[in-house]
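Novice: Read off the chains here:
There are 2 protein chains.
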Amino acid sequence: MDIYKMNIAVLRIGHRLVRDDRTTTHVALVSRSFGCNILYMTDVNDDIKSTIDDVNNRWGHASNFKIEIVKGWRNVILNWKKNGGVIIHLTMYGLNVDDIIGKIKDNSNDILIIVGAEKVPKEIYTLSDYNIAVGNQPHSEISSLAIVLDRIFEGKQLKLNFESAKMKIIPSLREKLVEKNYF
Amino acid sequence: MDIYKMNIAVLRIGHRLVRDDRTTTHVALVSRSFGCNILYMTDVNDDIKSTIDDVNNRWGHASNFKIEIVKGWRNVILNWKKNGGVIIHLTMYGLNVDDIIGKIKDNSNDILIIVGAEKVPKEIYTLSDYNIAVGNQPHSEISSLAIVLDRIFEGKQLKLNFESAKMKIIPSLREKLVEKNYF
Numbered sequence: 000m001d002i003y004k005m006n007i008a009v010l011r012i013g014h015r016l017v018r019d020d021r022t023t024t025h026v027a028l029v030s031r032s033f034g035c036n037i038l039y040m041t042d043v044n045d046d047i048k049s050t051i052d053d054v055n056n057r058w059g060h061a062s063n064f065k066i067e068i069v070k071g072w073r074n075v076i077l078n079w080k081k082n083g084g085v086i087i088h089l090t091m092y093g094l095n096v097d098d099i100i101g102k103i104k105d106n107s108n109d110i111l112i113i114v115g116a117e118k119v120p121k122e123i124y125t126l127s128d129y130n131i132a133v134g135n136q137p138h139s140e141i142s143s144l145a146i147v148l149d150r151i152f153e154g155k156q157l158k159l160n161f162e163s164a165k166m167k168i169i170p171s172l173r174e175k176l177v178e179k180n181y182f
Numbered sequence: 000m001d002i003y004k005m006n007i008a009v010l011r012i013g014h015r016l017v018r019d020d021r022t023t024t025h026v027a028l029v030s031r032s033f034g035c036n037i038l039y040m041t042d043v044n045d046d047i048k049s050t051i052d053d054v055n056n057r058w059g060h061a062s063n064f065k066i067e068i069v070k071g072w073r074n075v076i077l078n079w080k081k082n083g084g085v086i087i088h089l090t091m092y093g094l095n096v097d098d099i100i101g102k103i104k105d106n107s108n109d110i111l112i113i114v115g116a117e118k119v120p121k122e123i124y125t126l127s128d129y130n131i132a133v134g135n136q137p138h139s140e141i142s143s144l145a146i147v148l149d150r151i152f153e154g155k156q157l158k159l160n161f162e163s164a165k166m167k168i169i170p171s172l173r174e175k176l177v178e179k180n181y182f
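Residue numbers (numbering that gives the first Met the number 0), protein chains in the order written: chain A, 0 to 182; chain B, 0 to 182.
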């Protein structure tokens, strides 16, 4: 599988300003480092955008990941549907990811992953093609997103090539080794 | 592999009260739902403990997961070493998890996973047997913990049996289905 041929977007819903800023930053970092193309948000603290801009600037690009602010989540979902993409919603009430992910990947290279913060509107459950659970226990949406992306990309997302990076880590058993490139 | 024979503990360091409460709650939820036995913390908001107690009470037990408050992180690490367990520290500067996890699992069933919040003391890098990265990009410690546990348990953690649960989810494509047991 060519990971760069996949088009994976994340839609963050129910973000509450301040209260959810740090968890949403984690959602953004996971989306970026695991090779997603875009994170749609309806409401955002500008600090999150500037954190990600700064990370992209220093650590490079694998999938030209960016954050896009949208007016409402419904249009993002409906547009995705119209264009033939698949929509999955992460929830502890859904089907086990490992029972269904193969079928989803067979259906489309374009996947929109909905990640909720607070209580999610019922409509999300019915608009989604698949409600998917990473275990049926109370869990973290950050963890769930990471595992679902890992299943989609078959672990290859951990070895993505980040281009135009000013800083690059040399993996090390005991040290912090960073190679610096000045363009 | 019998997932119940593994003894996996998580040590949360550098937790800053209030600021890190929500991310640490996510660390606790991942630890519990993915079959860890214990989460050691040096500083804790009692709300996190009561959240987990409440979750255990309603959703049952797979590994008798609990949170233990300790005076300092150094003794936890030294005791773990003394008893022959393996210590891994999650950091973006470490070796790629997929290059090293097989060797770690061959060495021991007792694994302590160190998860940092803010800047981690240098000593953690040298006291650990393995510094491990889930990709060498800025990322979320919650995501990293989830992926490392997934690699340790080979995905079987998503089908753990939670006993004595008052509530149990029936996985569903579009609905919220919950079975309630009253003891």
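Please keep in mind that the hints were generated in silico from the structure rather than gathered at the bench. Hints should not be assumed to be uniformly reliable.
[To be verified] Per the computed footprint, the stretches of chain B lying under chain A, defined by three or more beta-carbons under 8 Å from a beta-carbon of chain A, are: (1) 101-109; (2) 134-142.
[Claimed, not checked] Here are a few chain B residues that sit away from chain A, every Cβ distance over 10 Å (derived from the structure): (3) Asp42; (4) Asn63; (5) Val69; (6) Glu117; (7) Asn130; (8) Asp149; (9) Lys165; (10) Arg173; (11) Asn180.
[Stated by the list, open to error] Here are the simulated PhoX-like pairs of lysine-lysine, each with C-alpha atoms no more than 25 Å apart in a straight line: (12) A:Lys155 / B:Lys155; (13) B:Lys121 / A:Lys167; (14) A:Lys118 / B:Lys165; (15) B:Lys118 / B:Lys155; (16) A:Lys104 / B:Lys80; (17) A:Lys175 / B:Lys118; (18) B:Lys104 / A:Lys118; (19) A:Lys104 / B:Lys167; (20) B:Lys118 / A:Lys165; (21) A:Lys121 / B:Lys175; (22) B:Lys118 / A:Lys121; (23) A:Lys4 / A:Lys121; (24) A:Lys121 / B:Lys104; (25) B:Lys80 / A:Lys158; (26) A:Lys158 / B:Lys165; (27) A:Lys175 / B:Lys48; (28) B:Lys155 / A:Lys102; (29) A:Lys155 / B:Lys102; (30) B:Lys158 / A:Lys155; (31) B:Lys81 / A:Lys155; (32) A:Lys80 / B:Lys175; (33) A:Lys167 / A:Lys179; (34) B:Lys121 / A:Lys165; (35) A:Lys102 / B:Lys81; (36) A:Lys118 / B:Lys80; (37) A:Lys167 / B:Lys118; (38) A:Lys121 / B:Lys48; (39) A:Lys158 / A:Lys118; (40) B:Lys121 / A:Lys175.
Just so we're clear, the structure is a prediction, and the values are computed from it rather than from any experiment. No residue lacks a Cβ here, since even glycine has one placed at the ideal position from N, Cα and C.
Novice: Of the hints given before, which are not true for this structure?
Specialist: Violated hints: 1, 7, 8, 10, 15, 16, 18, 19, 22, 23, 24, 25, 26, 27, 31, 35, 36, 38 and 39; rest satisfied.
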